[in-house]
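Chains as they are written, first to last, in the UniProt record's numbering: chain A, 1 to 331; chain B, 1 to 331; chain C, 1 to 332; chain D, 1 to 332.
FYI, nobody ran anything at the bench for these hints, they're computed from the structure.
Don't be surprised by glycine CBs; every beta carbon is placed ideally from N, CA and C.
Any given hint might turn out to be false.
Stated by the list, open to error - Stretch-level coverage of chain D by chain C, calculated; a stretch enters the list once three of its residues show a Cβ under 8 angstroms from a Cβ in chain C: (1) 76 to 82; (2) 118 to 132; (3) 223 to 233; (4) 266 to 273; (5) 279 to 287.
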Amino acid sequence: MSAAKKKKHNTEEYLRMYTQMVRIRAFEDNANQLYLSAKMPGLTHMYSGQEAVAVGICEALTPEDKITSTHRGHGHCVAKGAHFKEMFCELLGKEEGYCRGKGGSMHIADQANGNLGANAIVGGSMGIATGSALTAKRLGTGHVTVCFFGDGATAQGLWYEVMNMAALWKLPVIYACENNGYSEYTRTEEIAAGSLTARAEAFGIESFKVDGQDVLAVNKLAGELAARCRKGEGPFFLELDTYRYHGHHVGDINRDYYRAKDEETEWKSARDPITNFGKWLIDQKIMTADELVAIDNEIAADAEAAVKYALDAKYPDVREVDMHVYADTAA
Amino acid sequence: MSAAKKKKHNTEEYLRMYTQMVRIRAFEDNANQLYLSAKMPGLTHMYSGQEAVAVGICEALTPEDKITSTHRGHGHCVAKGAHFKEMFCELLGKEEGYCRGKGGSMHIADQANGNLGANAIVGGSMGIATGSALTAKRLGTGHVTVCFFGDGATAQGLWYEVMNMAALWKLPVIYACENNGYSEYTRTEEIAAGSLTARAEAFGIESFKVDGQDVLAVNKLAGELAARCRKGEGPFFLELDTYRYHGHHVGDINRDYYRAKDEETEWKSARDPITNFGKWLIDQKIMTADELVAIDNEIAADAEAAVKYALDAKYPDVREVDMHVYADTAA
Amino acid sequence: MTREITLSRAVNEAIAEEMRRDPSIILLGEDVAEAGTPFKVLSGLVEEFGTDRIIDTPISEPGFMGIAVGAAMTGLRPIVDLMFGDFLYLVMDQLCNQAAKTHYMSGGKLNVPLVLRTNMGATRRSAAQHSQSLQALVAHIPGLKVAMPSSAYEAKGLMKTAIRDNNPVVIFEDKLMYNDKAPVPEEEYLIPFGQAHIKREGRDVTLVATSSMVQVAEAAADTLSREGISAEIIDPRTIVPLDEETILRSVRKTSRAIVIDEGHQSYGVTAEIAARISEKAFYHLDAPVIRMGAMDVPVPFSPALEDITVPNAAGVADNARKICRGELIHAA
Amino acid sequence: MTREITLSRAVNEAIAEEMRRDPSIILLGEDVAEAGTPFKVLSGLVEEFGTDRIIDTPISEPGFMGIAVGAAMTGLRPIVDLMFGDFLYLVMDQLCNQAAKTHYMSGGKLNVPLVLRTNMGATRRSAAQHSQSLQALVAHIPGLKVAMPSSAYEAKGLMKTAIRDNNPVVIFEDKLMYNDKAPVPEEEYLIPFGQAHIKREGRDVTLVATSSMVQVAEAAADTLSREGISAEIIDPRTIVPLDEETILRSVRKTSRAIVIDEGHQSYGVTAEIAARISEKAFYHLDAPVIRMGAMDVPVPFSPALEDITVPNAAGVADNARKICRGELIHAA
Ligand SMILES: Cc1ncc(C[n+]2csc(CCOP(=O)(O)OP(=O)(O)O)c2C)c(N)n1
Ligand SMILES: Cc1ncc(C[n+]2csc(CCOP(=O)(O)OP(=O)(O)O)c2C)c(N)n1
Ligand SMILES: [Mg+2]
Ligand SMILES: [Mg+2]
């Protein structure tokens with residue numbers, strides 16, 4: 001590849017990463033607004049602040065590669081290629097949602113783009129991701145599966161069970177722990193003894209710690225590991241340092257008792273993945289500030305339009321209530 | 001303590017260890033015989049070959065210290081102080097058994113001696129042992145709990161969950177893994193990736209590997225760790241290399257397809273914990289060969305008498321069938 | 001007049017009172033200490049009892065359930081806080097293979113005095129993994145007791161009894177009722193297990209209802225009474241042990257019964273209660289016992305679908321009218 | 001004449017035939033490969049299909065169940081071998097929160113075609129943690145199908161159907177029946193789900209029996225026929241979906257029913273079936289439906305106790321006699 005072509009190529013990649021991070025942030029800002037204005041049923045968990053993790057990783061994957069997601073799953077969903085319209089429809093329980101409104105925020109899945117779904121059971125998708133990797137190995141598809149989960153989820157025994165099997169069977173799966181310092185209202189130190197990377201290494205799994213606010217660093221590492229997975233060198237474990245800007249869920253507004261305002265301000269002002277990457281793009285003269293603002297604005301408009309569409313969209317027919325309990329089986 | 005007194009003291013300890021190991025072997029030989037002659041209901045898992053583990057550890061404990069046991073639990077039960085009569089009665093489902101015949105081999109418990117029970121769920125007692133240690137810590141009893149389990153049980157996620165909490169809360173519990181090389185008909189290497197001690201260490205738990213056929217080595221280490229537990233320095237993990245002489249259970253007779261005869265012979269002839277300890281006692285002039293034979297014979301007679309007693313003992317009354325489903329609660 | 005407090009407050013009081021009385025009681029679960037649980041039910045307890053007794057755990061449901069079993073076997077009386085009833089699946093082994101069977105398997109020598117407090121209830125837009133009402137699963141397992149408080153009053157009295165019970169007890173609180181108020185005496189009281197409460201007396205039809213379905217039954221009974229149909233409401237309060245006698249006495253009087261529970265209908269709580277009524281009050285029944293459980297579907301997220309999956313007052317009234325009028329519900 | 005083979009052999013054949021037909025089928029569990037399971041049911045499969053498709057797992061039930069769910073969602077058709085039904089508690093989360101709900105939660109987009117084969121049945125002196133019959137638990141969860149073969153014939157036909165089904169199916173084999181022989185055709189056949197089998201026709205009383213209880217019912221029916229009582233035996237074969245129609249048709253004819261299942265009686269399978277009969281054949285019943293489940297006690301080890309905890313032929317015959325003679329079983 002010529003240098004110019006390579007630069008062009010990289011520029012496209014950079015742009016996509018920037019765009020995808022901004023799209024996640026825009027999606028979450030709107031989702032939060034929907035909740036605060038009582039237009040969204042139930043509650044939901046904001047991904048804002050963690051964008052570089054989902055985007056850095058998913059941009060290293062193909063659409064056929066799989067991911068499993070969590071209760072904090074909008075970011076993964078957007079990053080893996082989902083559209084705003086179907087996502088907002090799902091969050092509002094509308095028929096045009098990815099799951100016809102039956103799943104909602106905590107179960108949003110986008111099978112067409114390889115997103116096997118959010119999961120409301122902490123750690124609940126660890127087996128699923130590992131099984132997806134077993135399929136890839138057995139069928140020789142060359143697909144990689146990334147299993148996203150939080151620091152809190154490392155307390156679930158299931159993880160150790162599936163790591164053991166993934167290691168024994170050399171499955172193409174990457175366990176990606178988004179360590180945002182908290183599980184609900186508890187600091188990670190209080191619920192995690194020892195070292196997370198050592199836990200994976202004890203099973204013979206090569207492990208890495210990376211700055212989850214640095215989209216390029218995440219993307220580079222994820223790209224390398226995905227390639228190694230395809231060569232049969234998996235599984236891998238990745239601990240990504242990151243931070244959630246909002247409360248544990250949208251309703252968790254008063255959080256002084258467990259988390260200092262200063263800490264929040266620090267992360268937001270010094271380590272924001274979008275701001276910092278934007279600055280870098282400008283510094284490197286890849287983009288101008290105006291170009292970035294134009295992108296931001298376009299995405300904001302897209303999100304707004306999608307929200308409006310979703311608010312007006314129709315609910316599933318009540319007759320759908322007992323559809324999809326069982327899949328049809330060809331006779 | 002004077003040298004003479006110390007020697008005397010040690011001699012008593014050595015004798016107890018020898019005796020307890022021989023008692024376990026005698027118990028198992030009889031249990032096996034009962035099975036082979038179709039006098040025992042169900043099936044059972046022989047502890048023969050692993051005696052130094054149970055005895056080395058339990059001799060380092062007080063009667064108030066607790067243990068949890070496994071499906072292969074007769075050895076732990078004897079080592080923690082149980083009597084032949086009540087044990088055989090339990091194995092035969094008789095009313096005078098430790099559990100009135102309701103538990104049987106896989107659930108034998110001896111609460112009076114701190115044995116919280118065998119468990120037919122592999123790994124099932126890991127939480128129980130950890131909870132027992134929580135009681136000790138909370139009530140300040142100074143008791144230690146030892147959690148016995150096999151190499152196969154390390155695949156259960158529960159272990160990682162409770163290790164994490166034991167480490168966070170500094171509980172006085174010792175996880176003692178009897179690595180006998182097999183879980184059922186599968187070699188440990190095939191089902192355990194990485195390193196067992198590293199798995200515990202990853203939680204910040206100090207870990208040790210010890211020759212499980214050497215009763216003195218086991219006893220010494222267990223004594224040190226129990227003392228440290230009492231000082232609040234627990235938890236600990238212990239991997240004990242050992243071997244089961246019989247099949248996975250009494251009915252597992254033809255095992256060539258998964259385990260070589262040579263391997264069995266090698267362990268039995270070169271590494272038998274009783275033979276080797278007996279030799280050492282003679283070498284050290286602590287006991288004579290004749291004295292040991294006398295002990296062996298006495299124990300054999302005891303066991304035989306207990307078997308006879310148990311065979312003649314009566315079954316629980318059928319009216320007991322729905323007793324003990326619920327404990328009474330004082331009004 | 002007795003003061004009114006919320007169900008949430010009632011649970012909090014019950015636990016606090018018992019913990020004051022008995023130092024062997026501890027409570028453990030996720031975010032139970034400083035956070036006082038996501039539902040804020042336990043707020044204030046850690047301030048009074050400290051982190052030695054109100055213990056925040058990692059997200060390890062099987063693990064802390066197992067720890068509770070071991071603690072209970074050795075002298076503590078743990079209360080396990082399981083944040084959502086849907087997580088019961090994760091603790092089933094420790095609850096059903098260990099806690100439930102230990103007393104029996106040990107021939108009565110080991111006790112497991114623990115309380116598992118958790119919740120149930122749909123229509124909160126929490127979707128399929130945070131909305132289940134799984135009481136039938138644990139009710140099926142001998143060795144467990146199962147309580148289903150229907151108001152703040154029951155929540156307090158049953159919780160205190162549960163804590164003093166020497167067996168594993170599972171308590172299901174309806175998460176939609178935490179803010180519902182009811183009169184709760186200042187003085188101490190306990191509600192014995194296995195004693196149903198006749199919530200309302202009536203002549204024409206018996207409504208056996210659990211937990212929040214008692215409210216549903218009451219709303220239906222109000223409607224019915226305006227139409228001249230007198231409904232008797234029985235709240236079993238504990239489904240294990242089940243106060244069969246009180247239920248049967250009522251049905252023998254009214255000759256008609258509707259059983260309402262928010263768990264899935266098939267192989268659920270309504271089946272057991274209906275089967276017992278049909279068997280043991282057979283000759284008194286003027287019509288088949290009607291069962292009203294939740295639909296046999298995972299709980300859908302969409303508000304347009306979720307509400308129709310659970311029994312409601314209009315449906316109960318409708319069924320009551322039909323059997324009272326002698327209409328055949330099914331071409332039976 | 002058709003050859004006779006054991007139930008064990010029938011299961012083996014079903015799996016082998018399907019694995020030959022469809023390369024996406026894999027099987028995983030503990031000691032399933034070289035050992036062919038402790039019950040030796042799967043002997044020979046690994047020789048034919050290799051360790052890529054017959055996969056020995058560590059002792060990690062939740063883990064390999066979860067792996068099976070993920071594999072099923074992405075293109076394989078896994079058969080999970082759960083060595084004892086009592087270990088169901090360990091896989092409940094992956095089975096009930098994940099496998100059972102995925103199709104629904106995804107609005108029909110994701111499928112989970114997997115089979116969980118496990119066992120049930122007491123009287124093997126295996127005590128409380130290796131003797132349970134837990135079919136009621138999974139039958140309660142929408143999204144799962146549940147099969148209970150009563151002979152080698154059913155075991156083969158139902159297994160093949162289960163493997164081809166696009167949903168999670170749980171199959172309970174009675175571990176005491178592995179060596180029981182029955183005629184099984186050489187030719188391929190499948191048994192559709194939701195189609196009960198009229199095992200024996202009769203006039204006077206309907207015996208609805210699952211799994212090995214069909215044998216118990218047959219023994220009872222033999223006794224009864226010598227006394228001039230003609231019993232009809234219905235084997236539902238799958239309890240989800242349940243062939244209500246065939247059961248009701250029989251009861252409408254006989255006017256009397258006994259439901260027999262080896263799970264605990266309370267909140268168990270007999271409750272659901274009895275409740276449906278009582279509701280939907282109400283006007284045809286001459287006597288209350290009798291339920292015969294296992295006693296509500298953990299399974300005791302002692303041979304002196306264990307056998308009396310499960311329904312037996314004498315008990316069934318006794319009850320049948322009583323309702324046929326019009327004796328009131330309960331002072332109802
Ligand atoms: C099995 C289970 N236990 C508890 C919960 C409640 N819960 C939801 S999110 C959460 C914290 C998860 O923390 P972490 O894994 O770090 O993810 P984060 O929320 O920080 O993204 C908890 C305890 C749950 N959903 N599932
Ligand atoms: C949860 C569970 N899974 C499977 C089994 C069946 N099983 C009984 S013993 C055993 C092997 C255990 O191996 P290990 O822990 O090494 O103990 P060992 O038998 O070697 O003493 C298995 C798989 C069980 N009893 N419980
Ligand atoms: Mg977190
Ligand atoms: Mg072993």
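Status of the hints after comparison with the structure:
1. 76 to 82: That given contact is violated, which follows from only 0 residues of the region 76 to 82 of chain D lying within Cβ reach (below 8 angstroms) of chain C.
2. 118 to 132: holds (count 3)
3. 223 to 233: Violated - the region 223 to 233 of chain D has 0 residues with a Cβ nearer than 8 angstroms to chain C, which falls short of three.
4. 266 to 273: That given contact holds, which follows from 7 residues of the region 266 to 273 of chain D lying within Cβ reach (below 8 angstroms) of chain C.
5. 279 to 287: With 8 residues in contact (Cβ-Cβ under 8 angstroms with chain C), the coverage given for the region 279 to 287 of chain D holds.
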